[in-house]
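**Q** Given next are the chains, with one letter for each unit.
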Amino acid sequence: MGAVSLADVIAALGGDLHGASETQITRIGPLEGADAGTLSFLSNPRYQAQLAGSTAACVIVAPAFAEAAAARGAAIVTPDPYLYFARLTQWWAARVRPRPVAGIHPSAVIDPSAVIGADVSIGALAVIEAGVNIGDGAQIGPHCVVERNARIGAGSRLSARVTLGFDCQIGERCIVHAGVVIGADGFGFAPNQGQWEKIEQLGAVRIGNDVEIGANTCIDRGALEDTVLEDGVKLDNLIQIGHNVHVGAHTAMAGCAGVAGSARIGAHCTVGGGAIVLGHLSLVDHVHVSAATVVSRSIKQPGQYSGVFPFDDNASWEKNAATLRQLHTLRERLRALEKRGA
Amino acid sequence: MGAVSLADVIAALGGDLHGASETQITRIGPLEGADAGTLSFLSNPRYQAQLAGSTAACVIVAPAFAEAAAARGAAIVTPDPYLYFARLTQWWAARVRPRPVAGIHPSAVIDPSAVIGADVSIGALAVIEAGVNIGDGAQIGPHCVVERNARIGAGSRLSARVTLGFDCQIGERCIVHAGVVIGADGFGFAPNQGQWEKIEQLGAVRIGNDVEIGANTCIDRGALEDTVLEDGVKLDNLIQIGHNVHVGAHTAMAGCAGVAGSARIGAHCTVGGGAIVLGHLSLVDHVHVSAATVVSRSIKQPGQYSGVFPFDDNASWEKNAATLRQLHTLRERLRALEKRGA
Amino acid sequence: MGAVSLADVIAALGGDLHGASETQITRIGPLEGADAGTLSFLSNPRYQAQLAGSTAACVIVAPAFAEAAAARGAAIVTPDPYLYFARLTQWWAARVRPRPVAGIHPSAVIDPSAVIGADVSIGALAVIEAGVNIGDGAQIGPHCVVERNARIGAGSRLSARVTLGFDCQIGERCIVHAGVVIGADGFGFAPNQGQWEKIEQLGAVRIGNDVEIGANTCIDRGALEDTVLEDGVKLDNLIQIGHNVHVGAHTAMAGCAGVAGSARIGAHCTVGGGAIVLGHLSLVDHVHVSAATVVSRSIKQPGQYSGVFPFDDNASWEKNAATLRQLHTLRERLRALEKRGA
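In the order they appear, the protein sequences are chains G, Z and B. Reading the first sequence from the start, the letters are residues 1 to 342 in my numbering. Reading the second sequence from the start, the letters are residues 1 to 342 in my numbering. Reading the third sequence from the start, the letters are residues 1 to 342 in my numbering.
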């Protein structure tokens, strides 16, 4: 990964350059620890204090910080430095990371009935079953298993070891990380004299465009209808999406979150790490669930919702937790006192 | 998947048909959104209001709703509509989903010492190590790894990418979904001068008959004895079962639950999503743990147990959570007031 | 696995033997249920009562219990019986478990540019990409995917189906269990008019020596710098480690824990099962987080920290949880009473 000049950056991504366009950049990095080859950025005003002393070659800043940034070296001024930084990482990654050569590894096992688009790459030992359809330019990593009649849209990338279940589909430009399982059976059983009778899951999973799914996350197929992730949904690692769940467009969930069956989550929501949404609930658009919160009823108003026991040193927690188990009684005692005082 | 007639359904599954037996069914679906080809069901009286207006071809109902259902079209009357529905999905899936042809994919890597029963199917690129025994009619998905001396009972199905560790065994008619790891080492270490000395895990995993295990769930091998799942246990996705755990028959756990080492969970229990059972505890039969509850001591009486911070809008939660950290002090102040008043 | 004599054990592991050195041992097991071929141990004084009646062939004990143990049969006396037991399991496992024969399975797909050390074993259908470096004596399980330029230190063991991402590295003598994903993208996006713009993750993952990582655990690559696990870290199953996280030496985490991006956890810490550490926090060395606790701010003092809603029978929990939602108001009412009384 040879150096690039600031002129190259500006040519590719725009922005208003203050400073020498021939300055060479060897890495992208945070303000702290930046060296003379570092292109850095200031997006959170909290880190403003780090700006003046930074030895970064160049700093990407909003107009308000243009002067301060330029006073110490080169600067790229742009209305949204964090967005600029995101695009910079994309441009950088495209330069330094070799895209797999299109083509099918000879060790892949591909059913002759599969339809493979142009410029597709299929990694070593991948399995593509009958009736699969893979769009132009898609990349299927080594060891992926794409079951019968599944569809993958143009430009989508599956890392190593992804399972896409039969009849399931992924839209265009999606990114699916290693170990993801899409289309395992939903968890459905009818009780029968103390035992469980399996409800076969007859639906599938439908995933829109520009969706990203983190490592080892699971998205179950629907019981009767499909489980749906709309366009632009972003899921982190180790997330569980139950059967029949519907996740609205551009909603993002952090790692270890779980959504139980038939929950319906709106668009533009965020769900924090380890949070759980119980089944058969609805969350409207623009709901933000804090990490580790358990959503136990539907949410009808946008906003931030939380529910976590505040942590403490163990001794304090033990005392408060023990008292909590008598909280209802405490309220009764308080009431009694109030009555007496009245 | 061509249409079937109600006569076909009744012939296969029984029930008391009200209406024309030649009615054609093209799908199974919920009451809401049912069309003239839909076979629907009413199991939860909560949805009773949807019955009268439903345009479903036929509705499966309990005797109490026979009249109401028949008033609007065909009906199948049966004592337990949900159980009937479950069996209907099984019958339907068997009709519309091709069972893999028995036989071993040429790309599978199978040790010559493995004993493979009759009518077994082994998928592409599966690895079957030395001394493995696979019962009649079992289905091993593509990319499964079955380590040395593991045993799989007759009729069990492993989806793609399942790992069954050495010496571990699975009973008959089990279903194991993609990404499951059975028989990784339990988490055992002896402290040694600030470092950790590994305790090799010398046990294995024993799984009974009719067990289902969800995607990416992990079941560790025992330290000295075996980790055991009895018959009929149902585990959802992304569940962690620690070493030496014993799960009683017909117990079901929802996604993201975790059971720490040496816990003993009774039969006919349910564990909600994200719940955690700490180690070395015992739960008697018929214990039901609510979602996201942390079980921190043994439970000796059947019943429902819960422990979750109720979620709220963020501002309310913050106020209550802050107060919670002083709860013990509040109790002391209440006590002082009570004394003064006495 | 033929029997061994106590003399063999002492020769390998030391300790002070009381009793007949020719006594034959056929298994290692807990005091309870021990038979005449069992070598058992007493490490927790809580189980002292089981000692006298145990029919174990021999019991490993601390000096304080030497007399009691020898009174009932053979005993091995050692200052730290649990550590002795750990080493005994290692010695036992080495005897009874065949080490895979060094060599590369013919079905593995190995890029010619990979550098493979001496005595390495590579399992069936593993994929080793260009530029990979594997140290002497390492064992790569079947179906592993080691991406380009990744490095694996001498003596490390990867179970089946591990993914090690490009440019990531693992030190020496590490153990990585099945399904682990090291080096998936961290979860980073810039908001852009209601949508999410991907921040390419330009860092990697660096893992020290003697680290163990449980099944299906995920460790994301850093955004700009690397995600780091120092020497001796032990992670259980289904753990999520976000991008840029730094875990200090000899820290251990139990199953289902999650650490959000850019958190910094000290050395010699423990994190209980299901606990969550939020992002951008620092925990000093020797911090112990209880199971299911959510760490929402930095911790600057060593010690034990907890925060879990105490579980209860469902009816009691419901009453207390409902009251909890009015806790702040209760405090106000208490204050009012106190004022009135003053």
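Hint data in this document are derived by calculation from the structure and do not stem from the laboratory. Keep in mind that a hint or two might mislead.
As the list claims (entries may be wrong) - In the BS3-like style, the derived pairs of lysine-lysine whose C-alpha atoms are separated by at most 30 Å in a straight line are:
(1) G:Lys319 x B:Lys198
(2) G:Lys319 x B:Lys339
(3) Z:Lys319 x B:Lys198
(4) G:Lys319 x G:Lys300
(5) Z:Lys300 x G:Lys319
(6) B:Lys300 x Z:Lys300
(7) G:Lys319 x Z:Lys198
(8) Z:Lys300 x G:Lys300
(9) B:Lys319 x B:Lys339
(10) G:Lys339 x B:Lys300
Said to hold, decoys possible - Calculated Cβ distances over 12 Å to all of chain B for the following chain Z residues:
(11) Asp16
(12) Gly307
(13) Thr323
Glycine is no exception: its CB is placed at the ideal position from the N, C-alpha and C atoms.
**Q** Are any of the numbered hints broken by this structure? If so, which, sorted upward?
**A** Numbers 1, 3, 4, 6, 7, 8, 10, 12 and 13, in rising order.
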